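For reference, the chains in residue letters:
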Amino acid sequence: MAPPQLQHVNLSPAELSFLRSTLCQDPPIRFDHTKGPKDFRSMRAEYDVLPGANGSARIALEDGTEALVGVKAEVEKSQWRPSGDAQLRDADADANDKDAKAKGQNSWMEMSVEIPGFRDDDALPVFLASMLTESLLASGGLKDRLYINSRFHWKLYIDVGGSFLVHISMLTVQILLLSPPLSYPLALLSMTTHLALLTSRLPALKSDKDEDPLFDDDWDAAVFLYPKSKANASEDKPPVIVLAMAVGPNIIFDPCMEELAVADAVLAIACANATASSSRARIVSVRTIDPPSHLTPPGVPNSMNSATGGTVPASSAEALTQRELFANSGVWTPPRGGMKRGLISQVVKMVVEEGGVAEEVISALHAIELG
Amino acid sequence: MPLDTSTYSLALLRLDGRRWNELRNIHAQISTQAAADGSSYLEMGNTKILCTVTGPAEGRQSGQRGGRDNEAKVEVEIGFAGFSGLERRKRKNDKRTSEMQHTLETAYSSLLLTHLYPHSTITLNIHILSQDGSLLAACINAATLALIDAGVPMTDYLVACTAASSATSADSDNSDPLLDLNNLEEQELPFLTVGTLGRSDRVSVLLMETRVRMERVEGMLAVGIDGCKRMREILDGVVKDYGKRFS
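These protein sequence lines map, in sequence, to chains A and B.
Here the first sequence is numbered in UniProt numbering, starting from 1 and rising by one per residue.
Here the second sequence is numbered in UniProt numbering, starting from 1 and rising by one per residue.
The hints are simulated quantities; they were obtained by calculation from the structure and are not laboratory data.
These numbers were taken from a predicted model, which means no experiment stands behind them.
Careful: at least some of the hints might be erroneous.
[What the hints assert, rightly or not] Derived pair list, reagent style EDC-like, types lysine to aspartate or glutamate, alpha-carbon separation capped at 20 Å:
1. A:Lys340 to A:Asp26
2. A:Lys155 to A:Asp63
3. A:Lys77 to B:Asp176
4. A:Lys155 to B:Glu22
5. A:Lys228 to A:Glu46
6. A:Lys209 to A:Glu76
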């Protein structure tokens, strides 16, 4: 059996062409015409939904796509690394604290994405998990906070997934719940992970430096994984990934499945909030994603269709050259190539600017937690 | 024996403060997932379960689409979330899970009016979000609610409960049976899971994996069946409350 794929949208070339031309207008008219290019789809979010996890969150989009994230931390013995630790410990006590700053290791965080209908080692879950991990590790801070002492550390398990729902799932066996089809799930998973990490707590440490760790068993005394401070602006928060897509001259954020089907290029941008060192939102990582539009079937122009008085090209090479000529005639041809540099810089600017998309999304997720 | 329940005989209160015949706090919702044909969310104490139903729909396999004899096939898929237990553990198709799936499949194949849907499949997808005892019972209750939400015809509610025998020493004859166990009690006491059809005393599911003295089983069964009747009232209330929204 072929590996499962994101389900394709069933739109005809004519529909695709129409959708693209509306999205290319100025201002663009989106699939949901009430939304502007920077608007996100509405969603329901809640956190602390699971009693057994250190942190958890659930976000459901209107279309039924749903993600659930659980964060679980376990104490693990650190591997002894022969790196002159003894000398460091002999130095004054402050050095030990400073030391903790760079003590985190990437392997202390493990993420797994589970999408019903996909195996663990299928491309999509693996790819999504590595993208999410990458941005979390790149934003710094987190892994160092998992350090307990020179012998122990927290091991953080982040389990993403659960329930993606699909309207039409003929794919019964495991899949009842599946729905990558309803748009690319990366942004949703990232936001849910963000919310779960933001509300994750670790038991407060009672023991001193290198003793065997002993924790306060009062959950109310637990400390937040991302410490909270009064001054909102400078506190460290987990990064969040937003999807941006380019159609012609326009840039559209949080595209839905139908819109992705006509995208020229799609960017996944992981951004973190402003910290003490930087006054504005920062970009942690950027990746391009192969848009599903590359796989859509091209339309057949009248001049190439014998039924409408045209002539069918004799060879496939001839067909290709003819199609080149029709590239801008309104007959649907799947987009090729990547993204222009100018567009990328425009996207980056829209994300990081004052009051830009990054700031908006992060503060919106923060507001959920406050309120 | 990880715990000592000998205190039970002193105050006749269990570890979480319940009496012998009390159910845990039960909270249930139906139609939680807009995109599924039927869905439910059930909490029994700290056991939390999300169930969705797809179908009756055409099966995926190209060969046999439905069950035998022109009846619909019932498929059950149970997934444990990595964070559901005390320790994080990945559970993959172990024997206990497939046994639970099989139990549910056979129970619902006989309960649902499957002859109305030839050549089709009804798929139940159960996600265990948090586990604290009475897992099979909670799965059955959640599945019943989801099937009702999906509108799959069935003759009555299939509801389930667990019951245990509290005596830890062999000679104490006056032992109370206990209803609706949590995880700690399950590890310590012999218990059974019983599922009945609605108000009747007809037992449809009965599973017992621990050893217990023969004469105690009757008491455990009686308490379990009694618990099922109360469970039915609770689930019925959930369904009717949901229905009132449309009246």
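### Message
What's the verdict on Lys155 (chain A) and Asp63 (chain A), does the C-alpha distance respect the 20 Å limit or exceed it?
### Response
Roughly 35 Å separates the two Cα atoms, so the pair is violated.
### Holds or violated: Lys155 (chain A) to Glu22 (chain B), with C-alpha atoms at most 20 Å apart
violated (39 Å)
### Query
Are the Cα atoms of Lys77 (chain A) and Asp176 (chain B) separated by 20 Å or less?
With Cα atoms ~44 Å apart, Lys77 (chain A) and Asp176 (chain B) exceed 20 Å; violated.
#### Entry: Given pair status - Glu46 (chain A), Lys228 (chain A), alpha carbons within 20 Å
holds (19 Å)
#### Entry: 20 Å limit on alpha-carbon distance, applied to hinted pair Lys209 (chain A) and Glu76 (chain A)
Distance ~16 Å between Lys209 (chain A) and Glu76 (chain A) Cα, so the pair holds.
### Query
Going straight from one Cα to the other, do Lys340 (chain A) and Asp26 (chain A) come out at no more than 20 Å?
holds (19 Å)
Violated hints for the displayed structure, listed by number in ascending order: 2, 3 and 4.
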